[in-house]
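Throw the hints in and build the complete structure from the sequences for me.
Number of protein chains: 2
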Amino acid sequence: MKETNIYETDELVSQYCDFQYAEDHFDVMNFAKACAQKASQYSKTTPRKRALDLGCATGRASFELAQIFEHVDGIDYSQAFIDAAVELQKNGRISYAQNGEGELKKQIIIDLSAYNFGESSARVAFFQDDACNLAPQFKEYDLVMATNLIDRLYEPQLFLKNIHERINVGGILVLTSPYTWLEEYTQKKFWIGGYVDENGYEVSTLEGLTKLLEANFELIATEDVPFVIRETARKFQHTISQMSVWKKR
Amino acid sequence: MKETNIYETDELVSQYCDFQYAEDHFDVMNFAKACAQKASQYSKTTPRKRALDLGCATGRASFELAQIFEHVDGIDYSQAFIDAAVELQKNGRISYAQNGEGELKKQIIIDLSAYNFGESSARVAFFQDDACNLAPQFKEYDLVMATNLIDRLYEPQLFLKNIHERINVGGILVLTSPYTWLEEYTQKKFWIGGYVDENGYEVSTLEGLTKLLEANFELIATEDVPFVIRETARKFQHTISQMSVWKKR
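In order, the protein sequences belong to chains A and B.
So the number in the numbering used here is just where the residue sits in the first sequence, counting from 1, plus 10.
So the number in the numbering used here is just where the residue sits in the second sequence, counting from 1, plus 10.
Read the hints as simulated data drawn from the structure, not as lab findings.
Just so it is clear, CB atoms sit at the ideal spot from N, CA and C, and this is done for glycine as well.
Watch out, some of these pointers could steer you wrong.
To be verified - Label-pair restraints from in silico Cβ distances: (1) A:S123 / B:G110: 16 to 26 Å; (2) B:Y195 / A:D34: 24 to 34 Å; (3) A:D20 / B:G210: 14 to 24 Å.
Given below as structure tokens:
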């Protein structure tokens with residue numbers, strides 16, 4: 011397991027509270043909400059009892075899924091993210107410091123009551139855990155959604171090769187990623203794609219995913235899903251994730 | 011003067027060739043072209059003899075300004091950027107490696123003939139120099155344009171306090187910046203804004219600029235100008251620069 015976790019800072023918790031709960035930018039729909047809606051749609055012919063939101067960050071997509079699913083587990087590697095999600099669930103609100111110009115910050119309060127989740131937010135259980143080495147009790151899901159997770163794992167194969175064991179037959183696996191492979195997160199030998207193989211062939215991540223998943227899943231759809239993360243008052247990351255949807259055989 | 015220059019890498023030259031010459035993203039107009047057009051518009055009641063494009067990177071805005079101005083100097087702190095601009099001017103083309111997924115790259119060729127600059131590109135002279143300590147010959151300009159420069163200078167005051175000496179009476183200074191103040195570029199004591207002063211007052215960069223420039227310039231306009239820089243096949247910086255337009259008294 012990695013020894014440090016760059017997600018464990020207040021700055022990133024604030025950035026993700028902003029990403030998951032604050033206003034949209036450039037007319038791009040809230041990404042957690044968009045992914046939860048799409049995942050629910052792809053699950054409409056399967057039972058909607060148990061869902062897992064893996065890499066849930068501050069929990070927005072977990073709360074969204076709980077409007078459709080009877081129970082949702084939200085799991086993140088970062089204890090700080092889980093603490094924020096639990097605080098929102100328990101207290102109904104959280105405050106964070108939104109970056110302005112330079113060192114200027116603005117205190118923002120997120121009030122969960124504004125999102126009309128009603129009673130459904132109580133149907134989420136948040137846990138800190140490692141997607142590459144999940145505890146045994148996380149199983150029997152109708153939906154596993156992992157948004158922007160795979161290119162931030164230290165060994166994504168550990169997650170991808172084993173996740174079918176935790177999904178019911180006919181259940182859905184939804185992955186999204188911009189495939190931003192970086193050695194600071196994932197040693198090159200563990201990249202799923204985005205490299206040239208020993209025969210000089212350029213391996214795309216979607217090909218690499220297919221190779222790892224096809225024994226247990228059928229690829230039923232891919233689509234692009236944009237997201238915007240606010241860094242300062244004027245600077246944003248604007249990224250096009252690829253969503254791939256896999257149905258367990 | 012700073013001892014290292016993080017702009018001096020092939021990766022950044024490629025990124026800026028892409029930024030200044032490749033296709034638009036998210037329907038945002040090419041930033042160098044947009045700034046040059048706006049600056050030319052703001053200069054329409056003044057002579058259009060000599061323009062300076064300070065922080066010209068790979069030269070796109072300099073070439074654009076040369077369609078309007080009789081002579082344009084394009085200056086950048088990075089020798090690698092100037093080399094690329096000169097290569098484009100001399101050979102009419104340059105090739106660079108555009109990032110794809112992970113380590114995958116695509117070779118792109120920029121051909122200046124596609125931009126219809128005609129003879130005007132010969133009216134640009136490119137130089138490596140330091141905006142905080144410009145050589146004496148850079149003077150008598152009708153327009154000085156500095157796009158996304160001030161928050162990357164080691165001591166922006168040196169530039170801002172002296173630039174009026176190089177601009178003709180009635181001439182125009184156009185600044186754009188997202189005011190992304192970072193200590194890796196500019197020590198906090200030299201930030202123009204984006205900090206809390208000793209009285210607890212939040213100083214905006216536009217206020218700081220006004221304080222430094224008002225003795226010699228009148229602020230005649232501000233507007234937001236967006237830009238998009240491609241980092242990978244799917245990841246972009248999407249930023250809203252503030253353009254401020256100053257007329258020399």
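Hints, verified against the model:
A hinted range of 16 to 26 Å is violated for the C-beta pair S123 (chain A) and G110 (chain B), which are about 44 Å apart. A hinted range of 24 to 34 Å holds for the C-beta pair Y195 (chain B) and D34 (chain A), which are about 30 Å apart. Range check, D20 (chain A) to G210 (chain B): about 22 Å between beta-carbon atoms, so the 14 to 24 Å window is met.
The structure fails to meet hint 1 from the earlier list, while all remaining hints are met.
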